[in-house]
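2 protein chains.
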Amino acid sequence: MKYPNGKKYPARQKAKETSRNKRRHLLSAANRGMSLEEDINLSNEYYKSTGVALITKRPTPINVVKVDYSHGVRITDAYFEKQSTTDFNGVYRSRYLDFEAKNTKSNSSFPLSNISAHQISHLKEVIKQGGIAFFIICFQLKDEVYLLDATEVITYYESGKRKSIPYQVFKEKGILIRQSYTPRLNYLEAVDELYFC
Amino acid sequence: MKYPNGKKYPARQKAKETSRNKRRHLLSAANRGMSLEEDINLSNEYYKSTGVALITKRPTPINVVKVDYSHGVRITDAYFEKQSTTDFNGVYRSRYLDFEAKNTKSNSSFPLSNISAHQISHLKEVIKQGGIAFFIICFQLKDEVYLLDATEVITYYESGKRKSIPYQVFKEKGILIRQSYTPRLNYLEAVDELYFC
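Here the protein sequences line up with chains A and B, keeping their order. So that you can map any letter, position 54 of the first sequence is 54 in our numbering, and since no number is skipped, the others follow by simple counting. So that you can map any letter, position 189 of the second sequence is 189 in our numbering, and since no number is skipped, the others follow by simple counting.
It is worth saying that the hints were derived from the structure and are not from the lab. Worth double-checking, as some hints may not be accurate.
No distinction is drawn between identical chains; accordingly, a pair holds when it is met within one copy or between any pair of copies.
Pairs of lysine-lysine, DSS-like flavour, derived with a Cα cap of 25 Å [to be verified]:
1. 128 <-> 57
2. 173 <-> 142
3. 142 <-> 105
4. 173 <-> 82
5. 82 <-> 57
6. 48 <-> 82
7. 82 <-> 66
8. 161 <-> 66
9. 102 <-> 57
10. 66 <-> 48
11. 142 <-> 66
12. 124 <-> 57
13. 48 <-> 171
14. 124 <-> 163
15. 142 <-> 82
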């Protein structure tokens with residue numbers, strides 16, 4: 001579209017700038033943790049569009065109390081329910097993948113209070129059925145994102161001795177996920193290293 | 001608990017009766033189709049509790065517009081979004097499973113208008129990634145539930161020639177799912193027959 005006054009595509013140009021700012025914003029370390037879920041969604045879109053894998057986010061479960069049908073279908077009363085499973089699952093290299101992503105502002109450890117008993121029992125079932133189960137943990141202040149096998153987390157969770165997993169465990173047993181433009185978080189590289197080698 | 005007047009467990013007895021009525025209700029043919037989703041959920045619970053498989057329903061995606069924080073967290077304005085994927089996925093015998101369940105009141109065919117383009121493209125991706133993809137279709141008036149490989153449905157959907165899949169195709173290429181008390185729909189038997197033989 002060309003405007004009569006000779007100006008070209010003002011809307012598009014603006015969109016481009018917004019998108020550039022958005023990307024810059026996404027790359028800033030401070031925002032790293034905040035956008036963990038968004039980064040994984042973007043990475044999943046990339047994986048899907050390149051035919052690498054199909055991984056989706058489960059919608060947040062919402063309990064609908066009241067629906068108003070007077071102007072179409074509108075929910076007027078509802079509340080968030082706790083996810084009884086994990087946030088992400090899908091298929092990669094013919095295998096079933098299931099994982100939960102969490103942030104922490106701590107530099108020294110990942111607090112286990114971030115994980116629900118439901119999620120632990122869900123991931124134990126995944127392992128029992130032959131699926132691949134892991135956690136993606138973002139240490140926000142360090143701008144480091146790790147993939148850690150769910151078995152490690154389950155062991156800590158069930159030992160009852162510690163209330164957190166030391167950062168050192170992530171350094172030693174986890175895999176640091178490579179960050180880039182696309183995919184934002186190349187966590188399937190880490191999956192390859194941990195489960196397909 | 002025993003009551004002082006000698007009466008035993010009135011609450012429990014009532015619960016038992018309710019549960020018996022519920023089961024009778026569930027088994028009635030008329031209700032068959034209505035409760036397809038519920039029957040699959042019950043079957044999935046059974047499969048999980050017996051360690052056979054882990055298959056979950058994706059929550060219905062809801063777009064939250066307004067949240068009221070004055071009395072806890074309450075959603076006061078929201079609307080249903082279309083599921084861009086299928087309703088169910090999970091892991092069975094180490095394989096990724098993904099399927100959609102639909103009812104039809106027709107006796108002669110299953111109308112393809114029940115399926116969205118998003119679901120077709122999602123299931124094509126599942127197949128590409130080595131997952132198992134199928135449909136569970138309930139012919140309500142016949143009280144028959146079939147499992148049909150997604151490839152068959154995709155072929156019909158993309159041919160553009162027909163607007164429905166004839167009942168005969170389900171009889172010939174699908175597998176009739178055995179119904180019982182538990183699991184309500186033993187669809188994994190059909191999965192065994194179709195994908196693991």
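So, going through the hints one by one against the coordinates:
1. 128 <-> 57: both (22 Å within a copy, 19 Å between copies)
2. 173 <-> 142: Answer is within; shortest intra-copy Cα gap is 18 Å, inter-copy 55 Å.
3. 142 <-> 105: within (9 Å within a copy, 58 Å between copies)
4. 173 <-> 82: Neither. Shortest intra-copy (29 Å) and inter-copy (40 Å) distances fail the 25 Å Cα cut-off.
5. 82 <-> 57: Both, since 15 Å and 14 Å are each at most 25 Å.
6. 48 <-> 82: between (27 Å within a copy, 19 Å between copies)
7. 82 <-> 66: both (19 Å within a copy, 19 Å between copies)
8. 161 <-> 66: Classified as neither; 44 Å inside a copy, 42 Å across copies.
9. 102 <-> 57: Both. Shortest intra-copy (14 Å) and inter-copy (22 Å) distances satisfy the 25 Å Cα cut-off.
10. 66 <-> 48: neither (36 Å within a copy, 31 Å between copies)
11. 142 <-> 66: For residue 142 and residue 66, the Cα distance exceeds 25 Å both inside one copy (44 Å) and across copies (34 Å).
12. 124 <-> 57: both (19 Å within a copy, 18 Å between copies)
13. 48 <-> 171: neither (29 Å within a copy, 34 Å between copies)
14. 124 <-> 163: Within. Shortest intra-copy distance 19 Å satisfies the 25 Å Cα cut-off; inter-copy 43 Å does not.
15. 142 <-> 82: Intra 29 Å, inter 38 Å, cutoff 25 Å: neither.
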